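Engineer: Residues per chain are reported as follows:
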Amino acid sequence: DAGVIQSPRHEVTEMGQEVTLRCKPISGHNSLFWYRQTMMRGLELLIYFNNNVPIDDSGMPEDRFSAKMPNASFSTLKIQPSEPRDSAVYFCASRMDTSSGNTIYFGEGSWLTVV
Amino acid sequence: AQKVTQAQTEISVVEKEDVTLDCVYETRDTTYYLFWYKQPPSGELVFLIRRNSFDEQNEISGRYSWNFQKSTSSFNFTITASQVVDSAVYFCALSEDNTGNQFYFGTGTSLTVIP
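Residue numbers (the numbering used here), protein chains in the order written: chain A, 1089 to 1203; chain B, 275 to 389.
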């Protein structure tokens, strides 16, 4: 079975440009998570969707960040305008949310560099 | 307060040595789940193991073993006869029953196995 699929794997963009990261969760999973990983802050949860509805977006750093999940098989994380401090690895993860104990499975990450 | 503490930031061992990665967690829930993930140099986050709070039986999978002790709130991970391919960052994580959407990750332990 295919895992969580993210694109692009790597992106280098100039400050001020819009960045869109994409995610396809594992088929049948009804929870989707966006995480950001940096050396300074480790793994941070940005937003969590359940059944395509944003449940907790308290981790979204500021209004420049937005996330959508128009259907069960697709989500986007958008940064507009991007800034150098947004440089990080962005992970998408999904889970079959029948239990809080179910495992979260991660994609390979999108490595973002803003210059 | 940190929900999950991985006190060892970096560990280096020589190949074939055994190594234990420590994880201490904090929760008031009686039902919770503990996880270990591996992040090799390629960057993806790979699920290794999941334990629930009612199952304190230790687990062994090949060279990997996990020691869950509720009395000390610890879920330690031991690699026996380490190999260079074990070099990675290892994350411990906690999921609580009443905050099911949130995975609390530790800050990770970077393991280097020297040939």
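By construction, these hints were calculated from the structure, which means they are not laboratory data. Since we're looking at a predicted model, the values are computed, not measured. Please note that a few of the clues may not be correct.
Some chain A residues well away from chain B (every beta-carbon gap over 12 Å; in silico) [said to hold, decoys possible]:
#: 1; residue: Gln1094
#: 2; residue: Arg1097
#: 3; residue: Arg1129
#: 4; residue: Leu1133
#: 5; residue: Gly1147
#: 6; residue: Phe1153
#: 7; residue: Ser1154
#: 8; residue: Thr1164
#: 9; residue: Val1177
#: 10; residue: Asn1190
#: 11; residue: Glu1196
#: 12; residue: Gly1197
#: 13; residue: Trp1199
Estimated spans, in silico, between C-beta atoms of each pair [as the list claims (entries may be wrong)]:
#: 14; chain 1: B; residue 1: Ser335; chain 2: A; residue 2: Gln1168; range: 35 to 45 Å
#: 15; chain 1: B; residue 1: Ile334; chain 2: A; residue 2: Gly1104; range: 49 to 59 Å
#: 16; chain 1: A; residue 1: Asn1190; chain 2: B; residue 2: Ser335; range: 13 to 23 Å
#: 17; chain 1: A; residue 1: Ala1090; chain 2: B; residue 2: Asn326; range: 42 to 52 Å
Every residue gets a Cβ at the ideal spot worked out from N, C-alpha and C, and that includes glycine.
Engineer: Hints first: check each against the structure and report whether it holds.
Structural biologist: Cross-check of the supplied hints:
1. Separation of Gln1094(A) from chain B is inadequate, the least Cβ-Cβ distance of about 10 Å not exceeding the 12 Å criterion.
2. The Cβ of Arg1097(A) does not lie farther than 12 Å from every Cβ of chain B; its closest approach is about 9 Å, which violates its non-interface assignment.
3. Listed as a non-interface residue, Arg1129(A) fails to keep its Cβ farther than 12 Å from every Cβ of chain B; the least gap is roughly 9 Å.
4. Consistency note on Leu1133(A): stated as away from chain B, yet its beta-carbon is not over 12 Å from all of that chain's, at 7 Å minimum.
5. At roughly 10 Å from the closest C-beta of chain B, the C-beta of Gly1147(A) falls inside 12 Å, breaking its exclusion from the interface.
6. Under the 12 Å C-beta cut-off, the non-interface status given to Phe1153(A) relative to chain B holds; the minimum distance is some 18 Å.
7. Look at Ser1154(A): its CB is around 19 Å from the nearest CB on chain B, clear of 12 Å, so calling it non-interface holds up.
8. Its beta-carbon lying about 20 Å from the closest one in chain B, Thr1164(A) satisfies the requirement of being farther than 12 Å from that chain.
9. The Cβ of Val1177(A) does not lie farther than 12 Å from every Cβ of chain B; its closest approach is about 6 Å, which violates its non-interface assignment.
10. For Asn1190(A), the shortest C-beta to C-beta distance to chain B comes to about 8 Å, within the 12 Å cut-off, and the non-interface label is violated.
11. With a minimum CB-CB distance of about 4 Å to chain B, Glu1196(A) fails to clear the 12 Å threshold, and the non-interface call is violated.
12. Gly1197(A), annotated as away from the interface, has a beta carbon of chain B within 12 Å; the closest lies near 5 Å.
13. The claim that Trp1199(A) lies off the interface is violated: its Cβ sits roughly 7 Å from the closest Cβ of chain B, which falls inside the 12 Å cut-off.
14. Distance hint for Ser335(B) and Gln1168(A): a CB-CB separation of about 44 Å, consistent with the stated range 35 to 45 Å.
15. Between Ile334(B) and Gly1104(A) the Cβ separation comes to about 52 Å, which falls inside the hinted range of 49 to 59 Å.
16. The beta-carbon spacing between Asn1190(A) and Ser335(B), approximately 19 Å, falls within the hinted interval of 13 to 23 Å.
17. One distance hint, 42 to 52 Å for the beta-carbon pair Ala1090(A) and Asn326(B), is violated here, with the actual separation near 27 Å.
Hint check: violations occur at hints 1, 2, 3, 4, 5, 9, 10, 11, 12, 13, 17; the rest are consistent with the structure.
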